[in-house]
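There are 2 protein chains.
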Amino acid sequence: MPDSQFANGCAYIDGSYCPIAQARIPILDAGFTRSDLTYDVVAVWNGKFFRLDDHLNRFQKGYQRLRLTPGLSVAGMRAVLFECVRRSGLRNAYVEMIVSRGLDVEACRDLRRFSNRFYALAIPYVWIAKPEIQAAGIHLVVAEKTIRIPPNAVDPTVKNFHWGDLVRGIYEAYDRDAFTAVLPDAGGNITEGPGFNIFVYYENQLLTPESGVLEGITRQTVLDLAEEQGIAARRTMFNASVLENAAEVFLTSTAGGVIPVTTVNGKPIGNGKPGQITSRIQKRYWEAHDEARWTTPVHYTDEKY
Amino acid sequence: MPDSQFANGCAYIDGSYCPIAQARIPILDAGFTRSDLTYDVVAVWNGKFFRLDDHLNRFQKGYQRLRLTPGLSVAGMRAVLFECVRRSGLRNAYVEMIVSRGLDVEACRDLRRFSNRFYALAIPYVWIAKPEIQAAGIHLVVAEKTIRIPPNAVDPTVKNFHWGDLVRGIYEAYDRDAFTAVLPDAGGNITEGPGFNIFVYYENQLLTPESGVLEGITRQTVLDLAEEQGIAARRTMFNASVLENAAEVFLTSTAGGVIPVTTVNGKPIGNGKPGQITSRIQKRYWEAHDEARWTTPVHYTDEKY
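Quick mapping for you: the protein sequence lines, in order, are chains A and B. Going by this note's numbering, the first residue of the first sequence is number 141, and it counts up by one from there. Going by this note's numbering, the first residue of the second sequence is number 141, and it counts up by one from there.
Be aware that a few hints might be false.
The list makes no distinction among identical chains, and a pair is therefore deemed to hold if it is satisfied within one copy or across any two copies.
Stated by the list, open to error - Calculated lysine-lysine pairs in the DSSO-like style (CA-CA distance at most 27 Å, straight line):
1) 285 - 201
2) 407 - 285
3) 285 - 299
4) 413 - 188
5) 270 - 201
6) 407 - 201
7) 299 - 413
8) 413 - 201
9) 188 - 285
10) 423 - 285
Note that these hints are calculated values from the structure, not bench results.
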């Protein structure tokens, strides 16, 4: 049996494992007070990590770019992630790793001398749109009052918690009776939304924004599966008009997979139901979570749990 | 005697007071995982809050803008700030208040239903540049690789922890042997830097950027004191050339006051020493911390402490 105190999730803080409800970080951690950190999220599905090494590689590039050091080797962090999942007993989990600037232990305000911190946690799998919502498809708007933070301010390829623009977008969506929002850049190109990349199927091609976005692992998986399925796909910038007039639209996220969009700015996409290409990719996406090329099994204490 | 366990600082978390070293927030607070919050910082100097109601007013505007509710009245928050300082016994303190989006207690991912949280803390006064550094003046650069997050992405007048751009600026400063950096906007106008507004004394006028910046209380105090002293001052945008060629340059922050800048991009400002206008304003700034119009005394348990 897994340890029942960890059944709602397990975190790794200050070198120890604790139940998620007790997982707390210092209020003075610059990861909080300056959002000075990077993170990554990997899914465990049916007891297997999905593309774990791709997530770890992106995470490593991110903290190196920010000149952060986690204080553990990649193998050490990997072991912590497995242990968080094992203790939780969760077969479907949302597994997060964070390196923050940490604490100014010398009270010198020199960022190069802060004590960086590594945190990890495993909680039940998170859906940015639950399966029953995905079945009908979601209502998306293009934010009108908010642009995405530009890459020359904060680099979106280093996964970060700077969600002020994305939260504004979500409130724009609420105010327009939609589920979520995608943000344009200053030039009107579509970028990404809160926790997701976006794809359109337009003129018989899958398109996803090329730059100014997170290089999502789910986005990459869709590109990989499109190639496998013989569906033309490329990375390119496009505007709201292409989005509104696309034959199909979907979002991609580790927290929910391939999420059909059935209206954009209140206008139906295609026949107003999830599209055929979307559904084909979505089916293959979940099948791939059982394929050996991309998965790494967790060894649970009680495999019958 | 103040309670010695609070001597390094006192925080208010989940409705209780605790020593700062034990002050922790839930790792799943969206204030951390989405940097979805606003905050403010007010100074206590010689046992008196400085412009406390101005800080509380700005804070209240900020959380209303973000549709956050602190769960306490303004009077209630005010009382918590006093109690944090009183317990710490600190005569010179950095007093912070935060309202975060908080926890998704219903696991619904609907931001409107999160349980917002109010945090507060009092720690020893923070200097973004210590007095001995201020005496010589600091070395400033204009960031070349980083722009300030634009207001149509994240509103800088709602004080926030989105410091990714500012931290990049600080590392640019380190790499150029400077102390800190000020960031331009996309059009090359000077905006602000990590924790400070900026002023130049140029053609016999004090200038400070008009928009795209925090409406700093210290900035306002400098404008008020300039008027009192008969020094012409206005809010207007200017570029790096004005900054480099100014007669005087200084930074303003609740965490350090009026901070002289003696080089910009490696070039001396004026004669390379803190300027006369700067020194006059700086002197008046600290004197004002004992003037009744802007101060509110803390009633300590032991006034002789």
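*Hint by hint, which ones does this structure get wrong, listed from lowest number up?*
4, 5, 6, 7, 8, 9 and 10
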